[in-house]
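**Q** What follows is each chain in one-letter form.
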Amino acid sequence: MATGRTWQHERRLGYLFVLPATLMLVAVLIFPAFITLKVSVTPEGGSGWNLTLIHYQNAFRDPVLLRTFKNTFAFVAWSLVGHFVLGLGLALALNQALPGQTFFRLIALVPWTIPDVVAGIIFRWVLNPIFGCLNPLLHAIFPGFPAEFQWLSSPTLAFPSVIFANVWRGYPLVMVMLLAGLMAIPRELYEAAEVDGAGRVKRFLHVTLPGLSTIILIALALDMVWEFRRFALVLAMTGGGPGTLTEVLSTLVYKSYFQFFTFEYASAMAILMSVVLFVLSLPYIVLVGREQ
Amino acid sequence: MRHKRTLWTELTIVAIAVTFLAFVAAPAGAQVKIRFQTWHWGEKPVVNALEAYQQEFNRANPGIEIVRDESRYADKESVYIAQSQAKVAADIAHFLHRAIPLLADRGYIMDLTPFIEKEGGQKFLAQWDQAALEVCKYKGKIYCINDYVNPLALLYNTVHYKEAGLDPNKPPTNWTEFLDYAKKLTRAGRYGMGLIGARQEGLFMRLNPWFWGAGADYLTPDLKRSALDTPEALEGFRWYVELFTKHKVVPPGVIEQGAQEVRTQMALEKVSMNVAVIQAPLIIQAINPNMKVNEVMAAAPIPAGKKRVTSVEYGMRVISAYTKNPEEAWKVYKGWISKDVQLRNFKIYGVISARLDVKSSPDIANHKFAKVYAAQAPYGKIEPLVPEWPKIGDAMITAVQEAFSGVKTPEQALKDAHIATNRALGVQ
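Quick note, the sequences are listed as chains A and B, same order.
Numbering of the first sequence is given in the numbering used here, commencing with residue 510 and proceeding in unit increments.
Numbering of the second sequence is given in the numbering used here, commencing with residue -9 and proceeding in unit increments.
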C-alpha cells in the first residue's frame, strides 16, 4: 500500500516537473501553430469559425509557389551535398593528430558562429561587382577575368552563389557531428584492418563509413530540416532575385505575410511547408526512436 | 527549518513593503508616456531633430513624456501591424504614404477628423500642401497631416560634367539629351547613371519618373485593372531597363543596388548622375567626407519625356487606434507638425515640410538643393493608393529584375507583371 502511494506521489511529482516545460511548449509552439492553422482556413479578412480551404486550393494552383518549392528542394539538396563533402573532408583532416589541431578545429567552426543575416551581407559585399573583393582577387590571379563580373545579378550564377554561401555558413554543424563520430570509432578497428592489409581507401570504406553511418544519417536529416527553413541568408543576399530565381519557401511566406499582408494565404503556405518538413524529418524521427 | 521559514516570511514582508513604497512614492502627477516611433532614432542627423523636439516638448509639458520607439525602415509596416494586432502599437508612428490604405483598412490608425475640427477644420488644414494632404484622406476620413514632401530630382557631379566636356550649368532637359550626357559621362571606369534594381520601395521612386514620363500608368483611371499592357508602359519600362542592358551607362550589378548603394557609388565617384531624394547630398557627404558636396554636386529637374513628372514620397505620422492617451498623442503630433519644428527639421536634415509657410520660407528658397527640389513638388506623382499595391509593386520589381538580368525580354517581363497585377486586383 505504502509502495503504491509512493509510486503515485512520484508520478504526480514527475508530472509537476514536466509541467513548466509543457506549458512553455504549449505557449510558444502549439498555440501559435494552432492559430496559424486556423488563420490558414479563415477567409481573407475574415474571423470567427467560418472556415474555408480556398487558400490551400489557391496554393496548389499558384505557379510561384510551385516554382519556389522546386527552388527550395534544389537549395536544400545542393546545400546538403556541400555540407557533407566539406564537413566530412574537414572532419577527416581535423581527426588527424597534427600540430595546432585545436586551433584549426576552432577556425573551422567560425562560419557556424556567424549569424545568417551577417553571412548574407558579407557574401553580398564579397560578390559585389564594383566594391567586392572577389573580383579583384580573381582578376589578379587570372588577368583575363572581368574586373566587374556579376555574380548575384546573373541568372545562371545567382543561385549557385547563394548555395556556395550557405555551404560555407553551414558545413561546421555536419563537420562537428562527423568529427565526434570519427573520434568514437575505436582505433583498434583501424589497426586490425591495417594488419589485414587494408589500404587507406579500404579502411575508409569498410571501417570509417560504416562507423559513421548512423551519425551521417542524423546529421543530414537535421541539416535538411534546418536548410529547408533557411531565410535570412537568402533575404540578405538576393531578396529572392533576380526576379524570383533564388526565392525559397521561407522568403516567399515572409513576403506574403509581412509585405503583402495576405495573412491567410501565407499561413496556408506555412502549414504546407510544415507538412513537407515533417515528412522530410520522418527518417530522423524513426532513427531516433529506434536508437531509444 | 524554523529559521528558514522566518527568513522567507521576512523576505516576503520586505518585498510587499518595497512594492507598496514604489507605488506610494510615484510622482503625484504620473506622466503619460507617448511612444514616438520612427526608423530615424538611430540615424544622424535626423535623430538630432527628433531629440531636440523630444527635449523641448518634455520640458514644456511636465505631464507628458515623449518616449523613443525605434522601428526599421524595411519592416515598419509589418511590425506595426503585429503590434496593432496585439493592441500595443506605438502611440505615434512614422510612415510613408503607401501605408495609409493598408493600416486604415484594418482599423489600426485613428481618424484625426475630430482633432482637426477642434483646431479649426478647413482653416487649419489650409496651412498644408493640399496635394500632399490628399494621401492622408482615405474613404472619407483623414488619417494624418503630412510631415514632409520628398520629390525626386536629378543629382549630378559637376566636376564629372566638366571632365566629359559638358556644361554643368546646362543639365539635360529631355530624354535624348540625358542619354547623350550619360554616354559621355560613361568613361574612365565611371558610369553616367546610377540605377536601383534591388527589391525595395526605392526602385519605384527611380523608375516612376521615366515610366510616367512616357505617359504610362500602373492602373486604369478607375484603379480596377492593370494598365501595363499599353505601348506607353512598354516604352517607359524599356527606357529604364535599357539604360543598363543596351546603353550600358549604368554600373554592373544593378539588381544588387539599393538607394544607399547608388549613393555610395556617387560618393566614391563611380557614377555621375542619380535620381535622388533631397537628403542624398547630406548622405553622400557623410560617406565621403573629403568630397565638397555643396560645390561638387548640383541638382536639376528630372529630364522630361512626353510628360514632366517626378516621384514624390510623402512622410507622415499616424496615431494608433489603440492609444490609451489620444489627447496627449494629438498634442505631441500637433507640436511636431508646427511651423517652428518643421523649419528646424529642414535646417537640421534638409527635408522639405508639407507646410506651405515652411516650404515658401527664405531658408528653402535660397538653399542650393532645396529650391530645386521644392520646385519639383508640383510635378510629383505617387503610385496608386490601393491596398493591393504591395503585390503589384512586387510584380513590377520582379519584372524589372527579370528584364535587367535577361531572364526575360522587357516585353515578356512587363506582360507577366500585367497578368500578376490583374490577378492581385482580382480581375479574371
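To be clear, the hints were calculated from the coordinates, so they are not data collected in a lab.
Incorrect hints may have been included.
As the list claims (entries may be wrong) - Result set (DSS-like, lysine-lysine): computed pairs, CA atoms no more than 30 Å apart in a straight line:
{"#": "1", "chain 1": "A", "residue 1": "Lys547", "chain 2": "B", "residue 2": "Lys282"}
{"#": "2", "chain 1": "B", "residue 1": "Lys405", "chain 2": "A", "residue 2": "Lys579"}
{"#": "3", "chain 1": "B", "residue 1": "Lys282", "chain 2": "B", "residue 2": "Lys214"}
{"#": "4", "chain 1": "B", "residue 1": "Lys214", "chain 2": "B", "residue 2": "Lys297"}
To be verified - Sample of chain B residues facing chain A (criterion: CB under 7 Å; computed from the structure):
{"#": "5", "residue": "Gln45"}
{"#": "6", "residue": "Pro241"}
{"#": "7", "residue": "Gly243"}
{"#": "8", "residue": "Ile245"}
{"#": "9", "residue": "Glu246"}
{"#": "10", "residue": "Gly248"}
{"#": "11", "residue": "Ala290"}
{"#": "12", "residue": "Lys381"}
{"#": "13", "residue": "Gln391"}
{"#": "14", "residue": "Thr399"}
Idealized CB from N, CA, C, for every residue including glycine.
**Q** Take the C-alpha atoms of Lys547 (chain A) and Lys282 (chain B), compute the straight-line distance between them, and say whether it is at most 30 Å.
**A** violated (58 Å)
**Q** Given Ile245 (chain B) as an interface hint, is the shortest Cβ-Cβ distance to chain A below 7 Å?
**A** holds (4 Å)
**Q** Keeping to a limit of 30 Å between CA atoms, is the pair of Lys214 (chain B) and Lys297 (chain B) held or broken?
**A** holds (23 Å)
**Q** Would you check whether Gly243 (chain B) satisfies its interface hint, that is, whether its CB is within less than 7 Å of any CB in chain A?
**A** Result: holds, 4 Å to nearest chain A Cβ.
**Q** Given Pro241 (chain B) as an interface hint, is its Cβ closer than 7 Å to any Cβ of chain A?
**A** holds (6 Å)
**Q** Could you grab the alpha-carbon distance between Lys405 (chain B) and Lys579 (chain A) and see if it respects the 30 Å cut-off?
**A** The hint holds at about 23 Å.
**Q** With 7 Å as the cut and Cβ atoms as the points, is Ala290 (chain B) at the interface with chain A?
**A** Violated, because the Cβ-Cβ distance from Ala290 (chain B) to chain A comes to roughly 25 Å (cut-off 7 Å).
**Q** Hey, does the Gly248 (chain B) contact hint survive, CB to chain A under 7 Å?
**A** violated (9 Å)
**Q** Does the alpha-carbon distance linking Lys282 (chain B) and Lys214 (chain B) stay inside the 30 Å limit?
**A** violated (48 Å)
**Q** Given a cut of 7 Å on the nearest C-beta pair, is the interface hint for Thr399 (chain B) held or broken against chain A?
**A** violated (13 Å)
**Q** Per the CB criterion, is Lys381 (chain B) less than 7 Å away from chain A?
**A** At about 5 Å, which falls below the 7 Å cut-off, the nearest Cβ of chain A leaves the hint on Lys381 (chain B) intact, so it holds.
**Q** Let's test the interface hint: is any C-beta of chain A closer than 7 Å to that of Gln45 (chain B)?
**A** Since chain A brings no Cβ nearer than about 34 Å to Gln45 (chain B), farther than 7 Å, the hint is violated.
Hint compliance for this structure: hints 1, 3, 5, 10, 11 and 14 are not met, and every other hint is.
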